[in-house]
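There are 2 protein chains.
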Amino acid sequence: MDFMKPETVLDLANIRQALVRMEDTIVFDLIERSQFYSSPSVYEPKKIPIPEWGGSFLEWALLQMELVHSSLRRYEAPDETPFYPHLIKRPILPAINYPKILAKFSDEINVNAEIMKFYVEEIVPQVSCKEGEQMENLGSASVCDIECLQAISRRIHFGKFVAEAKYQSDKPLYIKLILAQDKRAIEESITNSAVEAKILERLVVKAESYGIDPSLKYSQNVQNKVNPEIIAHLYKKWIIPLTKKVEVDYLLRRLQDEDEDLVNQYR
Amino acid sequence: MDFMKPETVLDLANIRQALVRMEDTIVFDLIERSQFYSSPSVYEPKKIPIPEWGGSFLEWALLQMELVHSSLRRYEAPDETPFYPHLIKRPILPAINYPKILAKFSDEINVNAEIMKFYVEEIVPQVSCKEGEQMENLGSASVCDIECLQAISRRIHFGKFVAEAKYQSDKPLYIKLILAQDKRAIEESITNSAVEAKILERLVVKAESYGIDPSLKYSQNVQNKVNPEIIAHLYKKWIIPLTKKVEVDYLLRRLQDEDEDLVNQYR
Numbered sequence: 001m002d003f004m005k006p007e008t009v010l011d012l013a014n015i016r017q018a019l020v021r022m023e024d025t026i027v028f029d030l031i032e033r034s035q036f037y038s039s040p041s042v043y044e045p046k047k048i049p050i051p052e053w054g055g056s057f058l059e060w061a062l063l064q065m066e067l068v069h070s071s072l073r074r075y076e077a078p079d080e081t082p083f084y085p086h087l088i089k090r091p092i093l094p095a096i097n098y099p100k101i102l103a104k105f106s107d108e109i110n111v112n113a114e115i116m117k118f119y120v121e122e123i124v125p126q127v128s129c130k131e132g133e134q135m136e137n138l139g140s141a142s143v144c145d146i147e148c149l150q151a152i153s154r155r156i157h158f159g160k161f162v163a164e165a166k167y168q169s170d171k172p173l174y175i176k177l178i179l180a181q182d183k184r185a186i187e188e189s190i191t192n193s194a195v196e197a198k199i200l201e202r203l204v205v206k207a208e209s210y211g212i213d214p215s216l217k218y219s220q221n222v223q224n225k226v227n228p229e230i231i232a233h234l235y236k237k238w239i240i241p242l243t244k245k246v247e248v249d250y251l252l253r254r255l256q257d258e259d260e261d262l263v264n265q266y267r
Numbered sequence: 001m002d003f004m005k006p007e008t009v010l011d012l013a014n015i016r017q018a019l020v021r022m023e024d025t026i027v028f029d030l031i032e033r034s035q036f037y038s039s040p041s042v043y044e045p046k047k048i049p050i051p052e053w054g055g056s057f058l059e060w061a062l063l064q065m066e067l068v069h070s071s072l073r074r075y076e077a078p079d080e081t082p083f084y085p086h087l088i089k090r091p092i093l094p095a096i097n098y099p100k101i102l103a104k105f106s107d108e109i110n111v112n113a114e115i116m117k118f119y120v121e122e123i124v125p126q127v128s129c130k131e132g133e134q135m136e137n138l139g140s141a142s143v144c145d146i147e148c149l150q151a152i153s154r155r156i157h158f159g160k161f162v163a164e165a166k167y168q169s170d171k172p173l174y175i176k177l178i179l180a181q182d183k184r185a186i187e188e189s190i191t192n193s194a195v196e197a198k199i200l201e202r203l204v205v206k207a208e209s210y211g212i213d214p215s216l217k218y219s220q221n222v223q224n225k226v227n228p229e230i231i232a233h234l235y236k237k238w239i240i241p242l243t244k245k246v247e248v249d250y251l252l253r254r255l256q257d258e259d260e261d262l263v264n265q266y267r
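So the protein sequences, as listed, match chains F and Z. Per UniProt numbering, the very first residue in the first sequence carries number 1; after that it's consecutive. Per UniProt numbering, the very first residue in the second sequence carries number 1; after that it's consecutive.
Rather than coming from a laboratory, the hints here were simulated on the basis of the structure. All of these numbers come straight from a predicted model, not from anything done at the bench. Check each hint, because a few of them may be wrong.
[As the list claims (entries may be wrong)] Chain Z residues, not near chain F, derived (Cβ > 12 Å throughout):
no. : residue
1   : 13
2   : 20
3   : 29
4   : 54
5   : 105
6   : 108
7   : 125
8   : 138
9   : 180
10  : 188
11  : 206
12  : 230
13  : 255
[To be verified] Capping the alpha-carbon separation at 30 Å, the derived lysine-lysine pairs in DSS-like fashion look like this:
no. : chain 1 : residue 1 : chain 2 : residue 2
14  : Z       : 183       : Z       : 117
15  : Z       : 130       : F       : 100
16  : F       : 225       : Z       : 89
17  : Z       : 225       : Z       : 47
18  : F       : 5         : Z       : 46
19  : F       : 47        : Z       : 117
20  : F       : 46        : F       : 100
21  : F       : 5         : Z       : 89
22  : Z       : 47        : F       : 217
23  : Z       : 183       : F       : 217
24  : F       : 47        : F       : 104
25  : F       : 237       : Z       : 217
26  : F       : 198       : Z       : 225
27  : F       : 130       : Z       : 5
28  : F       : 89        : Z       : 183
29  : F       : 47        : Z       : 89
Positions of the beta carbon are idealized from the N, C-alpha and C atoms, including for glycine.
Working from the sequences, and respecting the hints, build out all of it.
This is the structure in structure tokens:
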């Protein structure tokens with residue numbers, strides 16, 4: 001994905017390839033998280049007391065990481081969405097003049113709060129190796145959580161590129177649907193059930209391939225580090241629907257950044 | 001590995017299992033790094049100007065990450081070795097009273113400067129997908145580098161546990177060798193060529209299994225994300241020898257933290 005070349009970013013084949021590659025990262029990150037206990041203290045607000053912080057330890061640690069990553073220019077990239085957009089810092093690296101790819105309001109579409117919620121409530125308990133916690137691993141678990149959250153967030157917000165590519169590919173259709181604010185028709189237009197089924201299938205194969213030490217493959221009782229069905233379920237129940245939400249939310253607002261004369265032709 | 005139970009940590013079977021698991025992390029991290037260009041600007045001191053910093057951008061980014069991770073208590077753990085031991089902060093999490101497992105000088109054994117050097121000079125050019133750089137990916141490449149460096153550092157410094165376990169398993173032998181400062185005999189006593197050959201074999205299989213999208217396995221021209229031979233070579237030429245260096249350095253000093261009367265029996 002080369003964000004300096006908008007035409008390559010809005011090519012649906014390239015977007016698809018990037019999404020497929022992100023699956024690997026998400027599977028790797030969940031496998032890494034599975035080394036640690038569920039560690040509930042990490043997620044409960046104020047359970048671990050931190051001066052001037054009312055949230056959870058994970059949230060605090062994530063903010064610290066975002067402060068570092070923002071100085072590395074992470075959140076200037078159009079495919080990165082911070083959990084704490086109002087708290088991050090200016091980069092220490094010189095700014096990059098990314099060409100405009102997404103509509104100007106796109107930063108306002110941010111479902112990270114929902115990602116944090118389902119990740120903590122649904123994913124952590126299923127992915128971690130055991131319920132409970134080991135005091136000495138709370139930091140390690142959080143570091144893995146942050147990587148999972150960032151990878152999942154990137155995957156879900158990539159929906160903006162899908163939405164923009166679809167919009168560009170058939171403006172007349174979308175302008176009409178958007179003017180009518182026909183959420184259901186927009187959602188149908190971006191849904192491809194065959195592709196979704198394929199994603200789930202592929203995830204199971206990836207989780208099997210990446211989650212088992214291949215040198216032990218033919219031993220007895222070799223356990224997968226993370227149950228492949230859990231990863232497929234995570235996509236089916238959370239990642240795919242939230243990606244669609246991002247796409248629909250983006251499209252519903254798309255005309256805010258469109259030429260008025262063009263829009264008026266469809267009124 | 002439960003550092004609260006020294007007897008489990010110094011069990012060579014457990015150590016071996018932990019080392020095998022770390023291979024997965026290192027392979028995953030190198031695969032992630034391979035998405036980006038070699039990015040030489042990241043490694044050249046002062047190439048990217050940072051106020052009050054004479055080192056490279058990567059070094060600066062690594063320090064920022066260590067500052068966050070130290071506040072998460074990362075470097076209190078006996079298996080974590082910071083690259084900037086004099087600059088890190090006190091943890092925000094309450095201290096953990098780890099039982100004593102390693103000799104008290106063990107923090108002074110730190111080969112991170114050597115790890116940084118071979119990683120930057122030898123690994124990055126071979127692992128990255130292409131020579132050159134994309135300005136917009138310098139931060140992403142650095143984030144991956146930091147994960148690789150931390151994983152490799154943990155693997156190499158784990159040699160301290162191997163050394164301590166060996167020492168505990170045959171104190172009379174080691175006290176004599178250490179009193180004689182017989183470096184070569186110590187090195188021989190900790191070397192197991194059969195195990196080393198097995199590690200290299202297993203790494204090739206892992207790099208093949210984790211580095212290829214399994215859903216494409218039977219397509220033509222499927223490329224491995226990282227050449228498995230490069231990962232095996234990295235272990236053979238750098239990780240295994242440096243682990244041994246850590247073990248030998250540790251053992252050579254081991255009597256600094258031993259009962260004098262016991263030592264005197266062997267003088």
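Please write out, lowest number first, the hints stated earlier that are contradicted by the structure.
-> 2, 3, 8, 11, 16, 19, 20, 21, 22, 23, 24, 28
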